[in-house]
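Starting from the known structure of chain F, arrange chain L on it as the hints suggest.
Here the protein sequences line up with chains F and L, keeping their order.
Per my numbering, the very first residue in the first sequence carries number 1; after that it's consecutive.
Per my numbering, the very first residue in the second sequence carries number 1; after that it's consecutive.
No lab work stands behind these hints, which were simulated from the structure alone.
Only a predicted model underlies this, so the values are computations on that prediction, with no experimental measurement involved.
For every residue, glycine included, the Cβ atom is placed at its ideal position computed from N, Cα and C.
Just so you know, not all the hints are guaranteed correct.
As a list, the in silico DSBU-like pairs of lysine-lysine whose alpha-carbon atoms are at most 30 Å apart [claimed, not checked]:
#, chain 1, residue 1, chain 2, residue 2
1, L, K212, L, K246
2, L, K468, F, K208
3, L, K468, L, K191
4, L, K468, F, K148
5, L, K212, L, K434
6, F, K354, L, K434
7, F, K148, L, K434
8, F, K208, L, K434
9, L, K467, F, K148
10, L, K212, L, K172
Okay, the calculated bits of chain L under chain F, using three or more residues with CB under 8 Å as the criterion [to be verified]:
#, region
11, 182–194
12, 527–537
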Amino acid sequence: MTNDVLVIGAGLAGLTTAWQASLHGKGVRVIAKGWGATHWHAGCVDVLGYWPMESETPVANPAATLPDLLAANPQHPYALVGLARLAAALDGLQQLCSDAGYPLVGSLDKNWRLPTAVGAARPTCLAPATMIAGNLDDHAPMLLVGFKQLPDFYANVAADNLAQQGIPARHVALDLPALAGRNFTTAVNLARFMQQSDFRAAVVQAVKPHLGEAARVGFPAVLGLEEATAVHQDLQAQLGRPVFEIPGLPPSVAGMRLHRILKSAIEKNGGRVYDGMEAIGFAADGGRVTAVYTETSGRPRQHRYDRVVLATGGILGGGIVTNHAGEVGEVVFNLPLRHPENRLEWFRRDFLDKQGHPIYRSGVSVNENFQPMNGRVVYQNLFAAGNTLAGFEAIRERSFDGVALATGFVVGNLVGN
Amino acid sequence: MRTIQTEVLVIGGGATGTGVIADLALRGFRCALVEKRDLAHGTTGRYHGLLHSGGRYAVKDPKAATECIEENVILRRIMPHCIEDTGGFFVVTPWDDDAFGDRFMQGCRDTAVPCEEISIPHMLREEPHLNPGISRCFRVPDGSADSFLATQSVAALAQAHGAQILHYYEVKQLIRQGDRVVGALCYDLVKDEEVAVHADLVVNAAGAWAGKIAHTAEVEVNVRAGKGTMIAASYRIVNTVVNRCKMPADGDIIVPVHTVSIIGTTDEGVPDPEHFAIEPWEVQLMMQEAAKIVPGWHDLRMLRCWGGVRPLYQETKVADTRDVTRAYTLLDHETRDGVAGFITITGGKWTTYRQMAQVTVDRVCEKLGTARPCTTHETVVPNPFEQGHGRQHHNLGQRLADVEKEEAFGQLICECELATRADVEHAITQGEAKTIDDVRRDVRVGMGPCQGGFCTYRVAAIWHELKKPSIEETNVTLRDFLQERWKGLMPILWGPQLKQERLDELIYLSVLNADHLPGPRASRLGPAMYEPGTVWESDHAHV
Chain F
1 MTNDVLVIGA GLAGLTTAWQ ASLHGKGVRV IAKGWGATHW HAGCVDVLGY
51 WPMESETPVA NPAATLPDLL AANPQHPYAL VGLARLAAAL DGLQQLCSDA
101 GYPLVGSLDK NWRLPTAVGA ARPTCLAPAT MIAGNLDDHA PMLLVGFKQL
151 PDFYANVAAD NLAQQGIPAR HVALDLPALA GRNFTTAVNL ARFMQQSDFR
201 AAVVQAVKPH LGEAARVGFP AVLGLEEATA VHQDLQAQLG RPVFEIPGLP
251 PSVAGMRLHR ILKSAIEKNG GRVYDGMEAI GFAADGGRVT AVYTETSGRP
301 RQHRYDRVVL ATGGILGGGI VTNHAGEVGE VVFNLPLRHP ENRLEWFRRD
351 FLDKQGHPIY RSGVSVNENF QPMNGRVVYQ NLFAAGNTLA GFEAIRERSF
401 DGVALATGFV VGNLVGN
Chain L
1 MRTIQTEVLV IGGGATGTGV IADLALRGFR CALVEKRDLA HGTTGRYHGL
51 LHSGGRYAVK DPKAATECIE ENVILRRIMP HCIEDTGGFF VVTPWDDDAF
101 GDRFMQGCRD TAVPCEEISI PHMLREEPHL NPGISRCFRV PDGSADSFLA
151 TQSVAALAQA HGAQILHYYE VKQLIRQGDR VVGALCYDLV KDEEVAVHAD
201 LVVNAAGAWA GKIAHTAEVE VNVRAGKGTM IAASYRIVNT VVNRCKMPAD
251 GDIIVPVHTV SIIGTTDEGV PDPEHFAIEP WEVQLMMQEA AKIVPGWHDL
301 RMLRCWGGVR PLYQETKVAD TRDVTRAYTL LDHETRDGVA GFITITGGKW
351 TTYRQMAQVT VDRVCEKLGT ARPCTTHETV VPNPFEQGHG RQHHNLGQRL
401 ADVEKEEAFG QLICECELAT RADVEHAITQ GEAKTIDDVR RDVRVGMGPC
451 QGGFCTYRVA AIWHELKKPS IEETNVTLRD FLQERWKGLM PILWGPQLKQ
501 ERLDELIYLS VLNADHLPGP RASRLGPAMY EPGTVWESDH AHV
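Okay, chain F solo, but in the shape it has when bound (with noise of 0.2 Å):
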């Protein structure tokens, strides 16, 4: 295999671009610190959320609020994307994640409103079949399953906050006997529970005597790791009824699902993903990358590639650091960035502040071609994807994985040509 593509990061925006790039025959390295984002979030695809960021309601339909967002901010990562590269990403993760057999649900022109682990309504695009059914534009009543051995999922809050928005939803917390002497599990020990046959049955017998006039029943984000379709579908059929999953706190059994189909896409088409490898310099010539290097414990180890795709994150993945003189930096390439000039511009008042904090829409400004830019290109053939990517404010928009996912999209079509 030729060495065309390194990929530096591998959160959905680096491994759908050596994905992408993988499919047009490239050979293609991913090298990563550790997983990215997707291990942290609900495992679906927020494309857009909230526009304008301080609205209380939630975007109905992404498609339609676009241009307004793209009016507002020409600088938007989308604005380089387009919407029909948008939508051919979201079509083409669809693509892949059916036939991986775990299919996610939805459209660019609808957003679905499904419920949080504290009973909010979460606007998103794309979500898998297993979450589908705890849709809240249904008002069918619910069922929210908890296990008391789960700290990072809790059901009463929950169906209190559903029902407070007329959303019939009562709770429950298993004490299951399979689970007895744990104090302590985790949603990853208990995804693996969850595709034992017999534990499924011991859940089902517990919950069939709350089930009542529950038209549909909610469990955290648990139902199996690599079996989840089948996990789900066995549950739905044992209860008679709808089931759902419903995020809770990090660690993300959904989102380690999309991560391992992407892997496995990668791997398949001949690409290799390594994790616990850090990218820690760089050499350039002639206005190129040559080499990217990464620490072993004997010498840095060269990656002499083609192509290298910055991939890294923004300051939650760790591809833009920050230290207390205020000074903001790009990891690897010590790239030129667009960030709040004084430290005291970097936060407001509030936590939950709707515009969000001004040090995070920190990042690299690029071309469009995805190359960063200092006025001019930085170096021919580096790219950059993903947060890493300067201009707006993922959280407060709600598109955190729209931009990770259309971003590597465009950027894995543009490195594999």
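Relative to chain F, chain L alone:
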């Protein structure tokens, strides 16, 4: 209006006020204490946690030094669960005057503060992260104290002896009848109603707020608020209290408390104890001064920053607040101002709270015409959290051992500080918690590196289950706590802690969408925010 009748009313739920009420209760007085928020919400809960040996004042304020070492010995005996015997060093760094060491030794001798000089290799063996350029090192019996636990414990002792502790009671106005104070008109923040507390005698122990309180009875007490800014770093980079051996100045001490190391402090007069900013220059100065003691301090992860206001009493105007004596002041307003039934105890420091309480209650006895001896110096203050739990939350290693050996209470709600579900439930159902922030002061949830990222949701859900409030109340309780944590993060957010905060945003805004839950965005029980900082450079930075 609801009324409460008592013999002695104490205003202020900090170290001084709780010390006074415990002493009153032990001497058999009927008494009540009002505190406008939770106990230790003011200065007591916002200091660096030093149990003074007296070394800090040995040269500058010998009277204060002697008071400190006397009380140091007593507190170690009566409340061992609140004190960690870290020991203390006074070190002469390359920025300090070598000769000051001799003055320091002499000062300690004169004030009876035990002090020995140790060699630099010896010092570095004990504390390898200290600056190897340090030229002299003196060992003194400093310690570190858990002021939240101490205040809780002393208040519990008072309650066990019949005292009434009223949380979230804000004094609006002292009630005066002619030339006599006969009580206080209070506002109950939780129930949103006014309550009149009548008493034969009122003790004003409101610390930096004492002037404001006295003013409502037309008595002028000039208490200056001296703001001190402190920063907690995420590790115990030292296990010994380390002081700079020089005249007291900004950023001259690092105190290891629980899991963190605290650098303190600045000292800036502020016009109002309630409204002040943590200025960027203060943060920069703390970082810079800490690095002189522990090189590489900048690379540590800063967890949190806070400012407390020292109550500094003065009869005459003094420009630099550090020149005001740290010794306390007792004012009898009958002799001073012709207003009977009212005394003020102010100034002082945490280490001397018990002695301040003793002289105050001695005066109370005198005024009420009774002679009852003080016993607080020989009365052990029990740990109110010990019963049924066997839990000491003084030391993280000990908590880990407890969690490991006793499976029964192992569900960790706060993984950073090892607070279990049983701890949280106990604080919610047995304690006086009105907010999640009050639970934090009891069991330290949200005080570790993730600053509430994971436990805020968990505690809110347990709160909702046990307290059964309306869901809107639970929602605002959760949002208030997120904002409370944010308050102390903003000034020190950079590096890994900024990354952490973005993860906390991802969780609470994006995964949970907690900003779009029903109910108000914030409540009156939420945090009082610092004013925005504006000044990068300051000529006040006198180091």
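Unsatisfied constraints (hint numbers, rising): Of the numbered hints given earlier, those the structure breaks are 1, 8 and 11, listed in rising order.
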